[in-house]
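Sequences listed follow chains A and B, in order.
Take 1 as the starting number for the first sequence in the working numbering and just add one per residue.
Take 1 as the starting number for the second sequence in the working numbering and just add one per residue.
Don't read these hints as lab results, they were simulated from the structure.
There is no bait here: all hints are sound.
The list treats identical chains as interchangeable, and a pair is accepted whether it falls inside one copy or across any two copies.
Straight line, CA to CA, 25 Å or less: simulated SDA-like cross-link-like pairs of lysine to any residue: (1) K332 / E268; (2) K271 / D350; (3) K117 / A37; (4) K123 / E380; (5) K250 / G341; (6) K362 / S258; (7) K381 / G323; (8) K381 / R324; (9) K381 / H120; (10) K352 / S258; (11) K352 / A270; (12) K271 / Q195; (13) K250 / L331; (14) K99 / K150; (15) K28 / E12; (16) K24 / C41; (17) K302 / S258; (18) K381 / E365.
Protein chains: 2
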Amino acid sequence: DAIEAAENAAAEERDRDALKDLFKFDPKRDPELITHAAYPCNAEAPARALVDAPITPTEKFFVRNHLPVPDIDTTTYRLAVQGPGIPDGVALSLEDLKKLPKKTVTVTLQCAGNRRKDMHDVKPTKGLQWSQGAISTATWGGVLLRDVLKQAGYNTPPSTTTTLPDDDQAISHVQFHGTEGYGASIPFHKAISAQGDVLLAYEMNGEPLPADHGAPIRVVVPGYVAARSVKWVDRITLSDEESWSHWQRKDYKGFSPSTEMPCEEDYENAKSIQELPVQSAVLLPAKGQNVTLTEQGEMVCKGYAVSGGGREVVRVDVSADGGRTWTTATLKPAATDARPGRQWAWSHWDAKIPVSSTIKGKEVEIVCKAVDDSYNSQPEKMEGIWNMRGVLSTAWHR
Amino acid sequence: DAIEAAENAAAEERDRDALKDLFKFDPKRDPELITHAAYPCNAEAPARALVDAPITPTEKFFVRNHLPVPDIDTTTYRLAVQGPGIPDGVALSLEDLKKLPKKTVTVTLQCAGNRRKDMHDVKPTKGLQWSQGAISTATWGGVLLRDVLKQAGYNTPPSTTTTLPDDDQAISHVQFHGTEGYGASIPFHKAISAQGDVLLAYEMNGEPLPADHGAPIRVVVPGYVAARSVKWVDRITLSDEESWSHWQRKDYKGFSPSTEMPCEEDYENAKSIQELPVQSAVLLPAKGQNVTLTEQGEMVCKGYAVSGGGREVVRVDVSADGGRTWTTATLKPAATDARPGRQWAWSHWDAKIPVSSTIKGKEVEIVCKAVDDSYNSQPEKMEGIWNMRGVLSTAWHR
Ligand SMILES: [Mo]
Ligand SMILES: [Mo]
Chain A
1 DAIEAAENAA AEERDRDALK DLFKFDPKRD PELITHAAYP CNAEAPARAL
51 VDAPITPTEK FFVRNHLPVP DIDTTTYRLA VQGPGIPDGV ALSLEDLKKL
101 PKKTVTVTLQ CAGNRRKDMH DVKPTKGLQW SQGAISTATW GGVLLRDVLK
151 QAGYNTPPST TTTLPDDDQA ISHVQFHGTE GYGASIPFHK AISAQGDVLL
201 AYEMNGEPLP ADHGAPIRVV VPGYVAARSV KWVDRITLSD EESWSHWQRK
251 DYKGFSPSTE MPCEEDYENA KSIQELPVQS AVLLPAKGQN VTLTEQGEMV
301 CKGYAVSGGG REVVRVDVSA DGGRTWTTAT LKPAATDARP GRQWAWSHWD
351 AKIPVSSTIK GKEVEIVCKA VDDSYNSQPE KMEGIWNMRG VLSTAWHR
Chain B
1 DAIEAAENAA AEERDRDALK DLFKFDPKRD PELITHAAYP CNAEAPARAL
51 VDAPITPTEK FFVRNHLPVP DIDTTTYRLA VQGPGIPDGV ALSLEDLKKL
101 PKKTVTVTLQ CAGNRRKDMH DVKPTKGLQW SQGAISTATW GGVLLRDVLK
151 QAGYNTPPST TTTLPDDDQA ISHVQFHGTE GYGASIPFHK AISAQGDVLL
201 AYEMNGEPLP ADHGAPIRVV VPGYVAARSV KWVDRITLSD EESWSHWQRK
251 DYKGFSPSTE MPCEEDYENA KSIQELPVQS AVLLPAKGQN VTLTEQGEMV
301 CKGYAVSGGG REVVRVDVSA DGGRTWTTAT LKPAATDARP GRQWAWSHWD
351 AKIPVSSTIK GKEVEIVCKA VDDSYNSQPE KMEGIWNMRG VLSTAWHR
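Based on the sequences and whatever the hints tell you, model everything.
So this is what it looks like as C-alpha cells:
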C-alpha cells in the first residue's frame, strides 16, 4: 500500500544518504567525464579529450576508484616501509620523501577493464561497461620507489654483482596498501630495477597530485595495469608473497574463454595481470558520426595505441573494409624521449583512408590494430580472449 | 640435341660441384633433421625430437645457416671488440674469453620463419616452408657479453647512477659479424643489462659448441629472434647504428598485410624483429595420426609454447572443436629455475581433451594458443599478420 511504499522510499533514501556520506571526501569532478558508477567513482575520459592529446588534461583523466576517497592530513601522513629487506621498519613523512631526488616520468595508465563493453557486446561480462576511455596519460613527478627502498635501508646491490637482487628468495613482491583500504603488489624485480621507473608520485602534470588521483602520494607503475598504481599509498611491504588483497588474488586475472565462472582454484592458478598486452582504439570519427572526406577522397581517422612493459608501438593498421585492406597509420612523435625498453606512454596515430566510391555515402566500420616492438599483435576477435570479468579486452577495435 | 643436352648436364654438374665445394666445411648432420635446403643448410627439428624434451638433443637442434659453415683455426681465432665505448680496439683469443667467469643459460632459439608454412598455406609467402620445428632449446655455456665489453674496456656504470648506459647516444646498438659473412645487431641496453643474459657461447649442452652451431664462439641472445644470435662471431662493434647487413636492414622485419611487396622505404620504416611474440604449437598427435583415446575417452595432446623478451608462458588453451570449447593445458615445469622477467626457455605442455561421441572415429582438428605473462595472446588467423616474407607466423596452431 501507499504507506509501505513511502516507508520503502524513505529507507532507500536513508541508505543512499549513508552511502553518500562515506564518499563525503570525494572531490567535484569534470562534468565531461563519462560516469559509469558514482560511488565509488568510475568515470572514463571522453574521446574528444584524448584525441591529439599526448598528455591528458588532469581534470579529464579517467577515475577508477575502488572505495571512497580518503581524508588525509598531509602534516601527519606517514609512509610505512617494511619487510625482510628493511632492517627496521621506517615511517617517512611527506617532507622526508620530497628530500629524495625528484624524477618525472610520463606514463599511460590503463584500466584492466578498458574496452570491456566491446567484449561484453560479444558475450556478457561482469563489470562496468567501459568504452575506450579507461586510459589516460600524465607526467608524474615524485621519487623513485627504488630510492625510497634504499632510503629505508634496503641495500641495492650494484649492477656489477652476478647475484642479483631478484635472486633473494625472501623478497619477490612489493605490496602496496592504500589508506582507503585498497591493496596490490608488483614483482620486486620491477620495483628495484634501475630501468623500472616505478614512482611514488606527488605531482601530476606539474601540479600537486589531486585527491582523486591519490594525494598526497600514489604509486605509478609504468607499463603495468593501472590496478597496481595504488593511490593514497601509506604502507609498502617487501614480501615473498603477492598482496593478499581481494584485487590481487580474486580479481584482475585472465582466464580461458571456457572458464565461464572461475572458482577459488582457478584464481589461485591464474597469473595476476601486471604488464598489459598491446592495445589500440579509434577515437575519431566517433561512432555514428558523419564524416567529410578530404579533397583526395580520404577519411581521416585518429586514435591511440599502447603496449605494456615499456614496449613501443611500432605500427598501427587501419581498415575501412573489415580488414580486407589496411592503411598503415602515421605514429605521432611520443610525448617524451623514452629510453629503449622504457616506452611508458601511448602513441597517438592518424591515418587517411582512401574511401572507395562503392562505400561513399554508406555507413563504414573502421577497424584498427597495433603491433608493438616485440611484434605482439592484437587478436582479431573477442571470442578467443573472452573472460567473465571482461578484462584485457584488446581485440581489433571496430 | 643429344650433344647439347649432355653439355648442359655437364655444366650443371660443374655448377653443383662448385657450389658444394663452398660448403666443404659443412659437417655431417643427423638424418632425422628435416632439410628444407641443403646449401646453405636449413633443416628443422623433427617433432618427435621436440616432444617432452625441454632440452633438444644437440644433433636434432634445428640448423638455419645463411652461408657456408666457415673453417676456423681456434688457435689463431680472435674476437675483435671495438667502437666508441672501447678506448682501444681489442682482439681476444679463445683463451682470453675462457678466463672470464663462465655462465650457463638455457635458451630457446626460434627462427623468424618458424611455422612459415602455416602462413604460406593461407596466402603465398617467400621463403623456406618451415613447419613448427624451426625452434630448439639448449643449455649454452660461455661468457656474458657484458663481461666481455667490460674486459675490452667498456666502463659499465653501477646500477646506482641515474645516468644509465643507454642514455649514451653514441652507443645504441651492438653489431655482430660472423666469419662466414653474416651480420646482425641488438639494442645496446639488452647487451649491457645485468638481466639481459646475452652470452658468447663456446659450449652447447655441456659439450664444445659444434661447427654447425657457430664454433668456436657464437652469440646467444635470450628472448630474441634467433637471427640475432650470430654464429662464428669474430667482430663486435658498439655503434649508434644497427648492423648494415642485409639481414638486419632488408630482411627480418614485419609489415602490414597490405604491404605485399615491401620497397626500400618500407624496410627503412619497419622495425627490426628482436623480441619475439608469443607462440605455440601442437607436436602430438602428428597430422593425420590415428589416435587411441584414454580410458576416460580423452585425447592426449602435447606441444610447446614460448614467448620473447623473457616473458613466461602462463596458459595454453587447446581445442578439438575449432575453438568453441577450450581445455587449459598443464604446463610442464621449466627446464631451469628462471628468474622473473628472464624466462628464456620454452614451456612444454600437455592436455587431455574430452572427445565427444559425435566426433569419435572422425578426423579432428586440434587447435592451440598460448598467453604469456604480459597477457599477450596469439592472433586467431594468419590473415591479419600475413607478410610477404612469412615471418612472425604465430596465429593459433591447427
Ligand atoms: Mo582497473
Ligand atoms: Mo631465422
